[in-house]
Every structure is written in C-alpha cells, then in structure tokens.
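Colleague: Chains as they are written, first to last, in our numbering: chain V, 1 to 378; chain U, 1001 to 1402; chain E, 2001 to 2425; chain B, 3001 to 3434.
The reader is advised that the hints may include incorrect statements.
What the hints assert, rightly or not - Below 20 angstroms or equal to it, Euclidean Cα-Cα: the simulated SDA-like pairs (lysine to any residue) are: (1) Lys2342(E) to Ser1380(U); (2) Lys3204(B) to Asp2192(E); (3) Lys2253(E) to Leu2193(E); (4) Lys3117(B) to Leu2273(E); (5) Lys1203(U) to Lys1258(U); (6) Lys3253(B) to Glu3205(B); (7) Lys2212(E) to Pro3229(B); (8) Lys2269(E) to Asp3093(B); (9) Lys2204(E) to Ala3240(B); (10) Lys1312(U) to Glu2067(E); (11) Lys1392(U) to Glu2298(E); (12) Lys3157(B) to Asp2192(E); (13) Lys3224(B) to Lys2048(E); (14) Lys3117(B) to Asp2192(E); (15) Lys189(V) to Pro1220(U); (16) Lys2048(E) to Glu2067(E); (17) Lys191(V) to Pro1220(U); (18) Lys3117(B) to Glu2291(E); (19) Lys2410(E) to Val1302(U); (20) Lys3117(B) to Val2271(E); (21) Lys191(V) to Lys1301(U); (22) Lys2212(E) to Lys3232(B); (23) Lys2404(E) to Pro2414(E); (24) Lys273(V) to Lys3235(B); (25) Lys2247(E) to Asp3154(B); (26) Lys1118(U) to Asn221(V); (27) Lys273(V) to Lys1392(U); (28) Lys1301(U) to Pro2415(E); (29) Lys3117(B) to Ser269(V); (30) Lys1118(U) to Lys2247(E); (31) Lys2212(E) to Lys3235(B); (32) Lys1029(U) to Lys1052(U); (33) Lys3117(B) to Glu2298(E); (34) Lys2247(E) to Asp3093(B); (35) Lys2211(E) to Thr3230(B); (36) Lys1301(U) to Gln2323(E); (37) Lys238(V) to Asp335(V); (38) Lys2247(E) to Tyr3324(B); (39) Lys3235(B) to Glu2201(E).
By construction, these hints were calculated from the structure, which means they are not laboratory data.
So the chains spell out like this:
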Amino acid sequence: MSISFCLTSSGSESQSLAIRASKIWTITDGVITNGVIIINEGKIQSVGENIEIPEGIRVLDMSDKDVMPGMIDAHCHIGLSLDIFSEMDETVAAVAADMLILDAFNPYSDDVKKALSCGVTTIMLAPGNRNPVGGLPAVLKLDISKANDWVLVRAAGVEFSVMNEALMFDREPTSRAGLMDLIREELDKAKEDKDDGFNPTRDILKRVVVANKTAYIWARNVDEIASAMAIVDEYELKAVLVTAEQGDEIADMIAERNLPVIYPPLLLSSRDKDLKRAGKMANSGIKIAFASLTPRTDLHDLRTSAILAAKYGLDTETALKSLTINAAEILGVADRLGSISEGKDADLVILNGDPLQLTSSIEMVLINGNIVYQRQEE
Amino acid sequence: MRIHVILLTFLLLVSAFVAPGRAEVTVIKAGKILTMSGEPITDGVILVEDGKIAEIGTGIEIPEEAVVIDAGKSVVTPGFVDASAPAPVRGDLNEQSGEITPTLRISDALDPQSKTLKRVVQMGVTTLFVSPGPQNVIGGLGVVVKPSGKIPQQMIVKDEAALRIVMDLDATQGNRIPRYQSPTNFYYRRPGTRMAIIWMLRKSFFDAQRQADSEQIEDPNLAILSAALNDEIPIHVNARRAIVIRAALKVADEYGLKLIFQECTEGYKVAKQLAEKKIPVVLGPFYYYPGNMGQYREGRKVNWNNAGILAKAGVKVALSSGEQSGAIDMLTAAAFAVRHGMDRDEALKAITITPAEILGVAERVGSLEKGKDADIVILSGDPLDVTTRVEKVILNGKTVYQ
Amino acid sequence: MKSRSHITFVSILLIVFITGSITDAAPVRKKLAVEAGRIITIVGKDIKNGVILIEDGTIKAVGTDVEIPWDAFVIEAKDRVVMPGFVMAHTSSGLDRENENMPEVPFISTFDSIDPISTFFEDSLRDGIVAMLVLPGNNTLLGGTGTIVKPCGRTVEAMLIKRYTGLKISLRPSGNTSRMGHMQRFRRYISDLKDYLEDYEQRKADAKEEKKPFDEEIDVTKQSMVDLSNKKLTAFIYCDRAADVPKAIEIQKTHGLNTVLVLSPDCYKAVGLIAKSKLPVVLDSQLIIWETNEQTNEEEMKVIPMIFHKAGVKFAFQTDTSQYGRRYLWYQAATAVKYGMKRQEALKSITLYPAQFIGVDNRLGSIETGKEATILFLTGDPLDGQSWVDQVMIAGEIVYERAKDERLKKLLEPPLEIQEPKDTD
Amino acid sequence: MKNIKGFVILASLLLLFLSVGTLSGQEIAIKAGTILPISDAPIENSTILIKDRKIAAIGQNIAVDADARVIDASGKYVMPGMIDSQSRLFVIDNELNERRSIAPELNILDGLDPYIKEAPEVAAQGVTAVYITPGSRSLIGGSGAVLKLNGSKDVGKMLLKDNIAVKAAIGVSSNNQSSSLGRLANYSSIREALLETKIYMHNKEKHDREQAKYNKKKAEYDKKKEARPTEKVEKPKRPARFRPNPTREVLAKVLSKEIPLQIEVHRVTDILNALRLADEFGFKLILDKCTEGYLIAEEIARSKSPVILGPVSSSFADMPRLEYRHHDIRNAAILSGKGVKLALGVSGRDGASSKFVALAAAIAVANGMDRDMALRAVTLTPAEILGVADRIGSLQVGKDADIVILSGHPLDSLSQVEMVLIEGKTVFERKDQQ
C-alpha cells in the first residue's frame, strides 16, 4: 500500500503532505468523515471534508483509517536510567525543589520508541511522589530524531506530594502533619521574598507562590486531596491534582476551585467502585487528563484508561479529550497540541479503527508531519 | 447513562441516610431529657432550628411544618464528648524528626473518610478531641472535631485546641537517627529516660520565655510555646504515674503553666493536690490489671475507682477512650465508673459537659441548652444500664445514625 | 463423704487464700436452707422469695413452699438474687503459656500448665465463674487436651473438676505455614494415625492367631487422638475465619467426632452452615465487629450473638482481658441482650449451655433438685452493671465473700494520705 | 420516582447474586441476535434452549414449552461464559504458597475463601469460571482447580474440577525464601523430585507384586491348615508395609500422564528447560506465563505443549522485574500466529482483576492477534487445556448453560454485559436499560 511509497521520502520537514482519512477525530470540532489534512512545515495547514489537494504534494492515502491527534501522557517517568528500574525521586532531602527531571532523561532509551508505537507523542516527564517538594517536571515531544524543539517546556511548574508515600521512616517528615508543616514553612520562606543570596529552593518556590506557575500536587485519598486544597487556598496557588483518585468523594469542592486532575491508570484498580470514579469526576465538571505513570503501567494502556473509564460511565467525547486537548491545556501547551486544527503541530496518530476501541491498533504516528512510527505486520 | 442512574441512586440513598427531611425545624419529643446543665426534664420537647437548639423544655408549641421525632419513653442526652479520642489519621501520628514539635497541627492530617469516626458516631460520640501521637515530648496542637463533613475544614470545631505534652515513657519511643547523620548529638535522639523528658520540657519553655522577653519572634515553635506560657493555649499533659504527675506539677509551678492531665492512671494518689490546683483530668479507660495496660505498664497501682476518688476530692473529671480505637463506648465507661463508686450524675457529666468545658467548647456542645449545637443522643433506657443501646444520634440537627 | 471433706479442705484453703486469716472459715454443715429474694433457676421460671434446700452439697428442693427442716442452717438472702454459677466452655487464660511451638502435640495437657495462683482464677471467682474448661490456645494444629477446673484451690488437684476433657484443634495456620499446608498437615497426621492403628490391629490379630500374649499399649502420643475418634474426647475446633468453618464441619462429619466449634468473629458469615450442622458454638469474646458497606461506604455494626441467635444456634460466651466489659461473662450476656437477644437465652449461654458443651450439666448450669449446690448470691440482677457477686457457694460451701475480699477493697478504696515531700530548692 | 427506580436497580443488582433459586425444572429459551458458539461460526437470529442446567438445543426454529422462561436477546450477542485461566480470586490474603520448595501435595481448595465480596463483580463482566493455581514461590507448589462463579458460598458447590494440574515454577521462585538456589539448582531439584518419584513408583509396584504373591501363599496356607490342622506348615511371611507418600503420589500421577505439570516460566532459558524436562520425563506440560515465548515461538509450537499466557499487558500485574524485562505486548499474537495452543489469562494484581479477561483479549487483538483466536483463548482453549471442555468453553448441545449476553461484540470495548447465566441460573442481570 501507499505507506511503502511515502516512507522513501519521509524525514525532511520542508515537504508538505496531505493525508486522506476515513475519519478525522479533530477533538475540538467533531469528527470529519472522508476528510483531508494538509500539512505544511510540520504544521496543520488545513483540515476539512472537501479540500482540494494541491498539485505535486505527497499524499498519504489512509482512506480506510482513522486519524486522531497525538496522545499526551500527562504524567510518566520513562527514559530514566535503566530501562526497567527508573530513578524518579531524589529522596535524600525532603525538599528537592531544584531537581530537574530532564537531567535524568535518556532520549534514546527504548521507552521512547515504545511510547511512539503506543501513539503517545507528548509526555510530561515528572519526578515521583516520594518527596514533599519533588522538583521540576518537563513537557517533551518524543520526536528525538530532530533535535529542533523536542523539549516543549523545560521546567513546568513544581511537583509537590502530600501523600503518605512522601513520608519516610528515616527522613523528616515522618507524619502527614509534619509534612504539611514542612511545606508551609518552605512556602512561607519563599513568600517572605527576602533576598539572601543564592538559594535555589527559594527561587523555585517563588515561581509558584509569587509568579503563579503551576503546582502539581500528588494526592490520592480524600484526606490528601483536602490537605492539597488547604495549601492551594492558603497560598492561592495555580494547582493541578495528580492521581486524585478518590476525588469523586469531594468532586464539588474540587470543581468549585476548578482544579484539574491528572488521573492515574485505571488498570491499577480493579473494583467497580474505583473504576467508576474517573467518570463521576468528569461528570461533575472536573477537567481530567489520563496518565500512564510508566513504569507502573504499560504506555500502551494510556488509551486503555480512557476506554475503561468510558465503559464505566465517562462519556466518549470527554474520554478522547482527556487523552489529548485536556492534557494539552493542563500542561499549558494547548496552543500547539491536543487537537487537529489549523495552525497546530501535525502530531497525528493513525489507527485502523475507532480510537476508543481497544482492538483498533496504531498504524502510523507522525510528529511535526514526520512519520516516526509505522506498524510492521509480522 | 445507566451508570448515572445508579450513581445518582447511591448518592440519593447516602444523602437520605445522612440527612432526612430538609425541613428547617426538627422537634424531638422525649420521655426524659437529661440536659446535663440543669434538672432532668420529663416529657420535654427539643426544638431544633438549622442545627441549633432553638427551644428546650415542656409545653413548647410545635410549629406544624416541623419534622417531629417522637422518642416516646426513651431517654435523651447530649452527644457524648471524648476528650482523648483515637485519631482519625492514616499513617504515622508521630513526627519522628524531632521531639519538640509544637507547630505540628494534627488537623492537617485528619481523614474524613476514617472508619473510626464513622464508628464512634454510632456509639453516640459527637465531639472528639484529637491530638498528635504520644511519641514526642511536645507533640503539637490538637483539634476538636465533629464526626461530620467531607473535608477536615468542615469537621473542625476548634483548631489549636490544646498543646500536647507527653511525660510518660511513650516519649522515649521511636528513637530514629535521621538519614546520613550520626546518633552522637544528644538532640537528634529522643530522650531515653524520664529525666531527659522533663529536662527537655524545662529547656524548651525556658527558651520560649527568653524569646518572649527578647521582643522579636524568631522560631515559630517557641512562639507557640510562649502562647501556651501565657495561657492562650491550654496544655494537655500525659502522665500516668503519681510521681510523673508531681513532676509535671512542679514544672507547671516553675513556669506558671495551666495544665490538664490525660490518662492519669494513678491520679487518685494525688487527688488532693489536683483539687487544690484546680487541675482537670481526662482519664483513660480503667485498667483491670497491668497485664493489659499498654507496653510500659505505667501506673501499675490501678484503682478502679480512680474517677470516683478524684471526683469526690473535687477534681473536674472527664472519662475518655484514652485514644484506644475499637470504640470503647463512653456509656460503658460511665457505667463502670459508677459500678466502682463514682456518683451517677458526676459520671454522666464526665462524658458530656465536663470534657466540653475542659476542651473549652462548652458554649457549643456538652449539654442541651438553648442556642447550643443540636448534638443529641436518644437512648433506649437509663444511660447507666449496660443493656441500654443508642437508638438515634443527631449531629448538628441531622440524624446520622438510627 | 470423702468428697465433702475434700471440698471443705479446699474451701478452708481458699478462704485462707482470700482473706489471709483462718478464723473466718465457714463451719461445715450438713443441711442448708437458702432463703432468697429471687431465684433464677435458668431451667424454669424465676422464683420470688423461694427457698433452696441443700444437703451434702447437693440441692434437695427448690421452691416457695419448701418447708425448712429444724436442723437446717438457714442462710438469709432475702435481699439477694440467687442463680447458678457461671460456666465458661473455653478459655486459654490461667496458663503460663498458651501454645506449644510444635504444631501437632495432641498428647500434652493443660493440667500440667495451669497456674493456680494466677490472678485470672481469683478474678473469675470474683466475677461468679465457678467452672471453666482450660484448653490450649489457637496457634497449634493439635494443641492438646483440656482440663475443667473451678477457680478456687491452691493446687491444680484441688481446683480439678474433670481432667482430660476436650482436645483443641486449630484451623488457623500458625508460624509460616499457609492454609493449604495446614490442612495438608492435618490430613497427613490422620492418615499416619490410621496406618499406625491398622498395624496395631494387625499385630494384635497375629498375636491372637499365634496364641501369643499381646500386651502392647497404644502409643501414648496417639492415645488422645484415638480417644477423640471413639468419642471419649470432644474436639474443640477453632475456626479463624468463615472459610475454615466448612473444613471444621467436614472434619466432624468424616471422622464422626463430638465437636464444639470455637469461632472467630468473622465466622458469622458461615452462620447458615453452622446452623445446619447443629453443632454447639463458643463465640469469640469480641461480640461486635464493624464492616464497611460496599454500596453506601458506611460502617455497619455486626452483633455476632444476635446473628447466631436469630439463626437458632446454641452458643456459649467466653471472656478476654482486653477491654472493659469483655472480661465479665455477665457483661457479654448483657451486650447480647442489649441488641435484642432474649434474656433467658442470654443467661442460659453463660450457665446451662456451656455446662452442656463441656459435659458437666449433670452437676452445674442450673438450680434444680439433684444438682450440685453451686450458686451465686448477687446484690441485684445479674445483667445489671451495678450489681456485684456478693457470695459464691460451691457444693454447699461458701468459697467467696465480697465483704472479705481484700484485693477488691484495695482496688476500690482511696489510699492513705501521703505527706508531700518539702521542696528544698 | 427516579430514586425508587434506582432502588429497584440496586436491590436487583445485589439480590440477583444471592438468589439461589434453582431453575432446574423450568426450560429457558434465549432468543439471540448473534450467537458466538466459539466452537464454530457465528449464528444469526436463533434460539438457545436450556433444559435442566444444560444446553438442550441451538437453532432457528426450536419447539419451546409454553411455560418456558423466554429471554429476549434479539440484537444482542450471546457467547459462552469466559474463563480467567490465571486468576487469584478467592485466595486468602494472596497467600498462594507454602514456604517449602517442593510441595505438590497441596490443594489450592484449602486456601480459598468463598465469602469474599469481589466474586459477583467478576461474574458481572461475563467471567463464569476461574482457574486458580498455587503461586510461583515454590518450585512445585501444589495443584490448581477450576471454580464456577455461581454465587455459592460453598467451595464444593462452586468447584468444577480440582487436581487439574500441578503448578511448578522455574526461575521466578529462585529469589525468595522458599529456596535460595539459582536457576540451575531449581531445574535440577525439580528433576530430582521427579526421579525420586520414579524410584518410588518402582518400589510401589514391587511391593504390590510381593503383596499379591503373599496373598496367594496365605490363601494356600489357610486351605492347608483347614485341611489338616495338625500338620506343620511354615507360615508365609508378610511383606513389610508400604507407606504411601502423598508428595510422591501426586508426582506419580504427573509421570503417568494423569495430570499435567504446569510450569511457570518467563525467560527463554527456562522455557527451553521446561520443554526439555517434558521430553525427559514424558509428562504432559502446560507452559504458564511464558513471557519471552515470542522469541522461540517455533520451538514451543513444535513441542505441541499448550500455553497459558499472561499478563498480556504489563499493566495488569507487578511482575518480578527481571523476569519480565523482555515482556512484549505482541507475545500472544506471535505465539498464536505460529500455531501454539494459547489461552489468555489476566494474572492481575488481585482477585477482582479477573474481570479484565475480555480486555486482555482485546489488547491482544490490537497487537496483532486474530480476533477469533483471541476470543477462543478466553473461552474454549483454556477449557480444553484444563480438561473441562466437556462442560464449559463453548455453546454446544450438552454443555453447561454458562451463557453471557452482551449489548455488543465481546471484543467491542464499550459493549456491556446484559446478563450472565451459570447452569441456567441467572447470576447477573442489568436491569436499568432506558
């Protein structure tokens, strides 16, 4: 089929490209059947039903396939050191604000190829949840072949954790009360904003309390979420709740503070009660995006999370959004990613069926209009 | 959509379980009302308007739109107050990183989903005092909560209700060397002896005083201590043995502290002094014999009539669960106190109004009076009869258990 | 005659033990008449202002219209409630250690391990328990045989009511074995036992055939299990969780054992099976457990005795020393009544039923003509928290008097004033 | 109104599991839109007739009793109940092993708790039977069993078949308390156990022969005695008693091909070792987990030994990392592509995750497995591998009426289970269609 042809001339960005597809899931404005996407300079030039394709332009004929925007993994830990054991927490000190997770990232690790094969084109590379103040996450495009701009955001907000996981028996703090005490202390110091020379921790926390950068706060259970909200209220933070699984219990309060939620993989829980939570939260007006938390789960199951959630009561539209545009908005890259619309990056996933069908497999993945993955039949 | 319906139903059911009747006014008719503030009322009526007691007494005309709960012949008491309750917290209660941690606020760690809360409320407990763990010499600030609300902020009746000090051997527990630091430095480790406990206590209050004198406040910890020094925050001291109680009294004299004793297993030995100094006590469960009184066997010389003796000597006595989960219910505590010689009324007060006064929340809970919170327990019979059961618990005017 | 003098001796010893002086020893009398304000006979209706006629430590007559013989010593108890002493069908207290470390020790006996001066027995007497079956704990597969004692006497012999009764089987895997391994071990033991017995019989047969004398005894380590299988002993099978109940019942069926189930709270889930099996039950001392309702996410109170009561299961209570009330049998019964159990039933399950379970109901458990005069004198209703055991009579002898209970005095009365030391600094 | 309705739903949802109303007398007729019999091609618009707990007939126009209970499943899919062949449902606090390395005589049934809450949820996802084995912490861990999720609280009533296979594990257990030995030692100590068993079997036969001989002699002796009591005849000697050893007995069954040996293997070396063992001792082999199987698919196919593969996606379980380093999501696809007899298990973190069977199949399909094969791999194939295909696994006349009715195709991720029947008894029913 036509793929073989186009492979020969793939790679160079300058060329423009047209994709003909049976269904185009634009996410932001509905599904276009038998549509065409014109890509130029790695951006989507135009998308629609009857757009005439300019002369001499390369055409990918996918007229029996579906196209959706590249999926965004709102929280994962791939490419860190060894391929299976990942180093995501600097647990010597409880406050590791100035740790750049990007420094630990290996762009050539197998995980990255794996990610692409799963249709994940953008990730938030985050530190773990074992430090009260965890460090600086980064937003990356997995288009490492071109060194141009695969780092979208070098240091996006600051990671906090108010979970029991952040407590260690041989390190301060050891109790949740102590943890909150510590975080307050740090934020207060940052707020005081007195200049006493070089103090990276303070400078970074200033970004959150003064410069209003996003705080990503790990909190799973109700009490943890409550503590997170307490902090958010006291310091008027712009915050995102990470893995707020039990958020549905207090959905109204999360909604009224409109805190977005990065939801953990559904496959980590098996009881119906838990599988329904994501749906409940979304239905009560909370913006959620899914995360794979790799290596906790397989990157392939980022999509599985959305599908399971849909099966257990999340409406399909939101399910798709929470894989793409919602994530993009939460990570603050919605101007470039998250939907198929004019002017956005041509990060596309081509499947042989409905994206919300587990059975439909990923045929091809494009980033900035370049084919970065293509499925081989064995 | 299907799931919607189910969810919705669940929610409805839950809410139906928690709050029947949205009506403003609720009326409780009862054969006998033990107000704890005045004389018992027979065939009385309690008028509840949005969570508060609007009227109480006999011959009150009942508004027709009111929801009437007719308790028939059964007995009505105020919701019980547990002045030393098991903490509804997941994970470690004790901050092991230091032994003097006054700024620690347990209210930060409260878990509204906690099972213990859901249980004690069914035993008629509507107000609890929760404090940080017992393994720090100065543990931090406790909080008075009600077992209702989805997030801690909604549960709290009075935050920073008291500063917890532990002079029992519990404070010698949890010796942990911080990472990458040698145990050489005395201040890293917990005290190993009671001498050290008391020494640390003295030192920290001494520092606090000095800081208070030298106007500028540096250390927030000391700030809280000095607040305690000038009686802005009450101090709860865990002391089981008589000699510890005496030691505590001594320190109190030196710094002019106002104390409240917790546990106080051997309190009966020093009843006189306690009475003279007007120091209230919150007793833990009575121990039958040392075999089942915790790992230290402190206060081995048990006296079952501890409560009775103290009360007779004129000490303000509250009965509590002694932070033991497994919901030792307050009624049993009172019943056994009476069995062992405490005065009936004293015993009943000791699980309602007295602890409320000790915790400084008596203006809201602890007795059935006009204007107080409508925390009401309906009993099947005489509260001190062991075969009496809790039939209904009303918390802030809402029926939470039936 | 012999037994009486023996009992006298015991009671004297006991009074010495309790009061510390010999002068108070109650005179031994042949005929006694108890004039009680109320008699709770357990088997029949309560009797107001009744009389119990006692001769040689056994009850001769009970009723209102019993005329008192001239030579009978009359005990005035007009203001007392009189009832049979409490019986506890299963306990592991009063032992220095509850369990042997080896999993299969059916041959050991608690008789050798009971500690007569452990406070447990003193307390039990104070709380009105007059007989208890002391069995090994729940951590050994085949724990050993039990002993029925009364809580008075300074030697085990003196306390002894019945030796070698009941064998403890625990289905809770101990140490680091799994449930699978535990059951396997049990089956293995049984099959080995079978083999052994077959061989034994075989040898016997051979000897008979060859007309040789056969004087080989059955291996002492196996004797108790043999007695179990031919119903000389009762199996007390401990079930740690509901899943163990079917196994226990299966064991009972396949080997046709006399069985009493000793249940952990969790076993209420299997109440249907238990009811069907008609086996007697000893409940755990924890009578109330909490469960989270899957749907509402609320905590629900499960009152174990009520669940069994409703299912029509005969059960007995036991105590532990963990909490307030739990250490009193009367309180356990009161708790059950509190949640709706019939008063009469509740009382039976601390007197008659346990007596039946451990096979002493011919002597204890109720106030009837012909039974042993083992009765309590209470200041009030047994299920009232405010009433005390005032006197305990065992076989016609007063063995406990509250008025002379020195320890109780110590526990309830304020101490002498201590002179506060003067501060010198 | 809505509230009441909801209540009905709730009540029914709960009650339906508890209801043990046996329908054995009554006929049930399911008028199905599409029947997926698995055993052969799908059938459109026809009826399944259930008589006393079995499937009596399948076809277009079948005579149905007047009093028969008719279930209308027109426009819906009807398939046999699914099987999780790597379940840990009912297992008491995940305690799957005795802390011994060779313990084949254990029976998983002793370790199960039928009173757990999760079972109904699993059944509600169309899983009607689960295969539970001891874990991988012992080299030889005991024998597994297939249970039906018929809502009974009695293991005996749930049990379909036990002593199905003896579970062994090479490699995995090497780093835990049951044995501190390395791989080779694992391998050799299993060999040792099997060899000893051979000797044991030999001795047993020998003993039996002697016993038989003795019996004969004894008989003659008795006759002689009867004939001439006085005459002196020396009495034959009884052979020493033979003590049957449970451990060996079980392994003997394995060696005599009565029950297969199910070996959990992850790495290529271990898989090859397992195959070698099977050749050497000639027992029936079931390969369990088989994480790196795709690397040597041909060998496995050639050996004809079936595979119970799982987890399909590494998300399902926290597997021992090193064992699972080369886990590949295409494993199932490749193996079945090479013609290996393949069953898909979930092997999830806990009991409840057995509900993800269909999900596992779908993931396998997404990564290249044939749709029908995938469906077969969670129904008929496991039934065949576990030797219960005569009862469950497909919709055929004479088999148990374990039937699932879905709103859509089972591999359609969003289709919901409408109804689940086990032996004609409704164990789950979705009551609240708009």
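Colleague: Does each hint fit the structure? Answer for all of them.
Modeller: A quick look at each hint next to the structure:
This hinted pair checks out: Lys2342(E) and Ser1380(U) have alpha carbons roughly 16 angstroms apart, not beyond 20 angstroms. Distance restraint check for Lys3204(B) and Asp2192(E): the Cα-Cα separation of roughly 18 angstroms lies within the 20 angstroms cut-off, and the hinted pair is therefore satisfied. Straight-line distance between C-alpha atoms of Lys2253(E) and Leu2193(E) comes to about 18 angstroms, which keeps the hinted pair within the 20 angstroms bound. Proximity of Lys3117(B) to Leu2273(E) is assessed by CA-CA distance (about 18 angstroms); at most 20 angstroms being required, the pair is judged to hold.
In summary, the hint linking Lys1203(U) to Lys1258(U) is supported, as the alpha carbons are separated by about 17 angstroms, within the 20 angstroms threshold. Only pairs whose Cα atoms come within 20 angstroms are accepted, and Lys3253(B) paired with Glu3205(B) is accepted, the gap being roughly 14 angstroms. A C-alpha spacing of about 18 angstroms is found between Lys2212(E) and Pro3229(B), which places the hinted pair at or below 20 angstroms, so the restraint holds. For a cut-off of 20 angstroms, the pair hint linking Lys2269(E) to Asp3093(B) stands: about 17 angstroms separates their Cα positions.
Between Lys2204(E) and Ala3240(B) the CA atoms are separated by roughly 16 angstroms; this keeps the pair inside 20 angstroms, and the hint holds. Proximity of Lys1312(U) to Glu2067(E) is assessed by CA-CA distance (about 48 angstroms); at most 20 angstroms being required, the pair is judged violated. Among the hinted pairs, Lys1392(U) with Glu2298(E) is consistent with the structure: their alpha-carbon atoms are about 16 angstroms apart, no more than 20 angstroms. Between Lys3157(B) and Asp2192(E) the CA atoms are separated by roughly 29 angstroms; this puts the pair beyond 20 angstroms, and the hint is violated.
Distance hint between Lys3224(B) and Lys2048(E) is unfulfilled; the C-alpha atoms sit about 82 angstroms from each other, more than 20 angstroms. Pair hint Lys3117(B) plus Asp2192(E) does not hold up; C-alpha atoms about 38 angstroms apart against a cutoff of 20 angstroms. About 12 angstroms separates the Cα atoms of Lys189(V) and Pro1220(U), which keeps this hinted pair within 20 angstroms; it holds. Annotation: proposed proximity of Lys2048(E) to Glu2067(E) holds, straight-line Cα distance about 15 angstroms (limit 20 angstroms).
Pair hint Lys191(V) plus Pro1220(U) holds up; C-alpha atoms about 16 angstroms apart against a cutoff of 20 angstroms. For the given pair, Lys3117(B) sits about 12 angstroms from Glu2291(E) by alpha-carbon distance, which is consistent with the 20 angstroms threshold. A hinted pair counts as satisfied when its Cα atoms are at most 20 angstroms apart, and Lys2410(E) with Val1302(U) qualifies at roughly 9 angstroms. Taking the CA atoms of Lys3117(B) and Val2271(E), the gap is near 17 angstroms; set against the 20 angstroms cutoff, the hint holds.
About 54 angstroms separates the Cα atoms of Lys191(V) and Lys1301(U), which puts this hinted pair outside 20 angstroms; it is violated. The straight-line distance between the Cα atoms of Lys2212(E) and Lys3232(B) is roughly 18 angstroms, inside the 20 angstroms bound, and the hint therefore holds. Straight-line distance between C-alpha atoms of Lys2404(E) and Pro2414(E) comes to about 17 angstroms, which keeps the hinted pair within the 20 angstroms bound. A C-alpha spacing of about 75 angstroms is found between Lys273(V) and Lys3235(B), which places the hinted pair above 20 angstroms, so the restraint is violated.
A distance of roughly 11 angstroms separates the Cα atoms of Lys2247(E) and Asp3154(B); the hinted pair therefore holds under the 20 angstroms criterion. Distance check on the hinted pair: Lys1118(U) and Asn221(V) sit about 17 angstroms apart at the alpha-carbon level, within 20 angstroms; holds. Between Lys273(V) and Lys1392(U) the CA atoms are separated by roughly 29 angstroms; this puts the pair beyond 20 angstroms, and the hint is violated. Restraint check for Lys1301(U) and Pro2415(E): satisfied, since their Cα atoms lie roughly 11 angstroms apart, inside the 20 angstroms limit.
Taking the CA atoms of Lys3117(B) and Ser269(V), the gap is near 15 angstroms; set against the 20 angstroms cutoff, the hint holds. This hinted pair does not check out: Lys1118(U) and Lys2247(E) have alpha carbons roughly 35 angstroms apart, beyond 20 angstroms. Between Lys2212(E) and Lys3235(B), the direct Cα distance comes to roughly 15 angstroms. Compliance with the 20 angstroms bound is thereby established for this hinted pair. Between Lys1029(U) and Lys1052(U), the direct Cα distance comes to roughly 16 angstroms. Compliance with the 20 angstroms bound is thereby established for this hinted pair.
A hinted pair counts as satisfied when its Cα atoms are at most 20 angstroms apart, and Lys3117(B) with Glu2298(E) qualifies at roughly 16 angstroms. With a CA separation close to 18 angstroms, the supplied pair Lys2247(E) and Asp3093(B) stays within the 20 angstroms bound. Taking the CA atoms of Lys2211(E) and Thr3230(B), the gap is about 15 angstroms. The hint holds against a cut of 20 angstroms. For the given pair, Lys1301(U) sits about 18 angstroms from Gln2323(E) by alpha-carbon distance, which is consistent with the 20 angstroms threshold.
The suggested pairing of Lys238(V) with Asp335(V) holds, with an alpha-carbon distance near 19 angstroms, which does not exceed 20 angstroms. About 38 angstroms separates the Cα atoms of Lys2247(E) and Tyr3324(B), which puts this hinted pair outside 20 angstroms; it is violated. Using a Cα cut-off of 20 angstroms, the hinted pair Lys3235(B) and Glu2201(E) holds, with the two alpha carbons roughly 19 angstroms apart.
Hint compliance for this structure: hints 10, 12, 13, 14, 21, 24, 27, 30 and 38 are broken, all remaining hints hold.
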